[in-house]
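Visitor: Here's the letter readout for the chains.
Protein chains: 2
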Amino acid sequence: MVESKPRGRPRSARAQEAIISATLAVLVETGFAGLTIEAVASRAGVGRPTIYRRWATKEDLVVDALAATVPVASTVDTGDLAADIAETVRAAINGLGGSEVGGVVVGVLAAAAANPVLASALAERYLAPRLGVVSELVARGVAAGVLRSDLSPEVMRDLLIGPLVYHWLVTGSPMSEPNTTALFTAILSTLRT
Amino acid sequence: MVESKPRGRPRSARAQEAIISATLAVLVETGFAGLTIEAVASRAGVGRPTIYRRWATKEDLVVDALAATVPVASTVDTGDLAADIAETVRAAINGLGGSEVGGVVVGVLAAAAANPVLASALAERYLAPRLGVVSELVARGVAAGVLRSDLSPEVMRDLLIGPLVYHWLVTGSPMSEPNTTALFTAILSTLRT
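So the protein lines, in turn, are chains A and B.
Residue 193 is where the first sequence ends in our numbering, and the numbering goes up by one at each step.
Residue 193 is where the second sequence ends in our numbering, and the numbering goes up by one at each step.
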């Protein structure tokens, strides 16, 4: 410790940023299974207690690091609700797809298959707000009579988001713009009333 | 070494099975980044040279372990090509989804985002034969005039497979049978001519 005066907000905010960014860097290198609080602390240049003061477990830390890094999509409003849904999904997924952060997100989702604590923290604090944006748009579309009401909102969400995520997962790159446009034209033709 | 006589086929086949199964177990525990040939050798009860004799790198070993574990889908033939495609995809993805092996496959795909050598081995030896089954069915459907010819085969593949993989990735479980049926009814209505 260089200083003994009480930590101000700016200083703890800087430490927090350093910890979040170190967490992502360690995830890229070692994946979720290999990540230790020790490695994050060392890379962030903080002591382990600084991390434990805020995050009780590595699951907590990793989920907060993803949530702090991947923004919740802002919805677009062109007056055409079905097109807005497509555009919101395209911007969110193709922005993440192929990036290092995108690979980290999918890696952590995969690790959750063997870790129920991680799965539940991810579902609650990472996925719920992000998928909620799409679910809300879909619900609005159904309520407005623009989208079919005979498909469950969950199926519509998987149909809208899944192909783009899958494309990126198996090819390593976001789907091209022309193919994304053709894809959403096809999906919307079946989702519209 | 207990015996000095030349190794017969059965013995090397047993060693290979032990190595493949140890590779999967280590992947579940440590993920791709944490896997070492040392750890696989120790768990399989073989020496490291036994592994290196056949697999030059851990990328090679991991891709072969996945390929040996996840069967290439056998196609169904009900006389209705569009329905056959849906059924083939459903059986392959929902069989894998939610299983430990499914989590391992997605974890390795995610690791490939930061590892071009892994990405290329996966694409060539794991993904190509498995996605090829779906691509071939789609190509047959287009040639037979059953499926639209104005969407690229790659987009159709992503549309058919993506929602099921994504559902499993964000929920940890395969999509329910009724929802899968509703999903494929919707997808096929837009893919059929």
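To be clear, the hints were calculated from the coordinates, so they are not data collected in a lab.
Some hints could be false.
A pair counts as met if it fits within one copy or between any two copies, since identical chains are not told apart.
Stated by the list, open to error - Taking lysine to any residue and the SDA-like style, the derived pairs with C-alpha atoms no more than 25 Å apart in a straight line are:
hint, residue 1, residue 2
1, Lys58, Thr185
2, Lys58, Ser99
3, Lys58, Ala68
4, Lys58, Gly172
5, Lys58, Ala33
6, Lys58, Ala123
7, Lys58, Ala83
8, Lys58, Ser173
9, Lys58, Thr181
10, Lys58, Gly34
11, Lys58, Asn179
12, Lys58, Thr36
13, Lys58, Val101
14, Lys58, Ile20
15, Lys58, Thr171
16, Lys58, Arg140
17, Lys58, Glu29
18, Lys58, Pro153
19, Lys58, Val142
20, Lys58, Glu87
21, Lys58, Glu154
22, Lys58, Ala25
Just so it is clear, the structure is predicted and the values come from calculations on it, not from any experiment.
Visitor: Can you name, in rising order, the numbers of the hints this structure does not satisfy?
Guide: Violated hints (numbers, rising): 1, 7, 9, 11, 16, 18, 19, 20, 21; every other hint is consistent with the structure.
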